[in-house]
Amino acid sequence: MTSKASGRDTALVEAFAKHDVAADQALGFWLYLMSDLVLFAAFFATYAVLGHNYAGGPTGRDLFHLPYTFGETILLLLGSATFGMVVLSMHQGKREGVLTWLLVTFLLGCGFIAMEMHEFRSMILEGNGPGRSAFLSSFFTLVGTHGLHVTSGLTWMAVMIGQVIIKGLTLPVRSRLMRLGMFWHFLDVVWVAVFTIVYLMGAV
Amino acid sequence: MRQATRDDTGASRGSYTSYAIGFLLSVVLTAVAFGAVMSGLLSRPAALLSIFAAAIAQILVHLRYFLHMDASSAARWNVLAMVFTVLIMLLFVGGTLWIMYNLNYRMM
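Quick note, the sequences are listed as chains A and B, same order. Going by our numbering, the first sequence opens with residue 504, and the numbers climb by one from there. Going by our numbering, the second sequence opens with residue 1490, and the numbers climb by one from there.
If you are wondering where the hints come from, they were derived from the structure by calculation, not from laboratory data. By construction, the Cβ of each residue, glycine as well, lies at the ideal position given by its N, Cα and C atoms. Some hints here could point you the wrong way.
Stated by the list, open to error - Only some residues are given here: those of chain B computed to face chain A with a beta carbon under 10 Å:
(1) Ala1520
(2) Ala1525
(3) Leu1530
(4) Leu1537
(5) Phe1541
(6) Gln1547
(7) Phe1555
(8) Asn1567
(9) Ala1570
(10) Thr1574
(11) Gly1583
(12) Met1589
Starting from the given sequences, assemble the full structure and let the hints guide the process.
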């Protein structure tokens, strides 16, 4: 994603012109997302098997605060909508719009990560860390892996803000922004499964 | 209703309206799911059914309005790859639950 040499982009622009590279990259990235989905399926299966082994410790009902999770969800959904604005500004060639909406999406993502960190921290401080029970081990693995993905997305977004400022909206930069958008929307889809299976089912 | 058009980056884009519809539907479906559990009005099976129906609907909304999956030929390979992945996931999760439940039952 991060090209150091400015000459590399010139070569890329030529390659893009000769062949529909961007379409291949979009499909290739989609295939990566699908393999990532299989990784999440493994963690969901683990959680489904271990999720009721509380070892005398707290259950989901004791630990989860649903209005808090609802807040986290709204931050992610807003982030998907504002990334839509990034893509729309990009297609209109509005560099300022792209930068503004990227920054808004970045801050919303940071808000989500801050809320998740706060939740994890208070659980661990109360002695309910990943070592407490099989339920909590699988909980931290599943929800933490999603959180790590969001953190990677935020890092990528910070790099793209830099690339838009330095390189401008060249074809390779636009193609990368489209793939970052796929990643960002994909994480929302995974989160829908997380809040349904972990938080809501845990509290029913 | 075909809002997705393809451009030189090889990916499809939405429109202001499609992102707005997607966002509003997502918020409504999230509120329905949380409401079904938090209100405490529904029985356990009814609540479970509601949250799963809302989750599946919301995933479809995300695929349609945010990831722009449709029946167009340009999206065919994406859809095909996803259908295959969903099959693998069903085998994966379903098989795990089946075999672990069975083991648990037999070791009682």
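We went through each hint and held it up to the structure:
Checking Ala1520/B against chain A: minimum C-beta separation of about 8 Å stays under 10 Å; hint holds. With 10 Å as the threshold, the beta carbon of Ala1525/B comes within range of chain A, its nearest partner Cβ sitting at about 8 Å, so the hint holds. About 12 Å separates the beta-carbon of Leu1530/B from the nearest beta-carbon of chain A, more than 10 Å, and the hint is not met. Interface hint status for Leu1537/B: upheld, as the beta-carbon distance to the closest one in chain A is roughly 6 Å, under 10 Å.
Hint status for Phe1541/B relative to chain A: holds, with the closest Cβ pair at about 7 Å, below 10 Å. Checking Gln1547/B against chain A: minimum C-beta separation of about 5 Å stays under 10 Å; hint holds. For the restraint placing Phe1555/B at the interface with chain A, the shortest Cβ-Cβ distance is roughly 4 Å, inside the 10 Å limit, so the hint holds. Taken as an interface hint, Asn1567/B checks out: its beta carbon lies about 5 Å from the nearest beta carbon of chain A, inside 10 Å.
Proximity of Ala1570/B to chain A holds as hinted, the smallest CB-CB distance being about 5 Å (cut-off 10 Å). The criterion of a C-beta within 10 Å of any C-beta in chain A is met by Thr1574/B, whose closest approach is roughly 4 Å, and the hint holds. With a cut of 10 Å, the hint placing Gly1583/B at the interface with chain A holds, because the nearest CB-to-CB distance is about 9 Å. Contact between Met1589/B and chain A, as hinted, is supported at the beta carbon level, the nearest pair being about 5 Å apart and thus within 10 Å.
When each numbered hint is compared with the structure, a violation occurs for hint 3 only.
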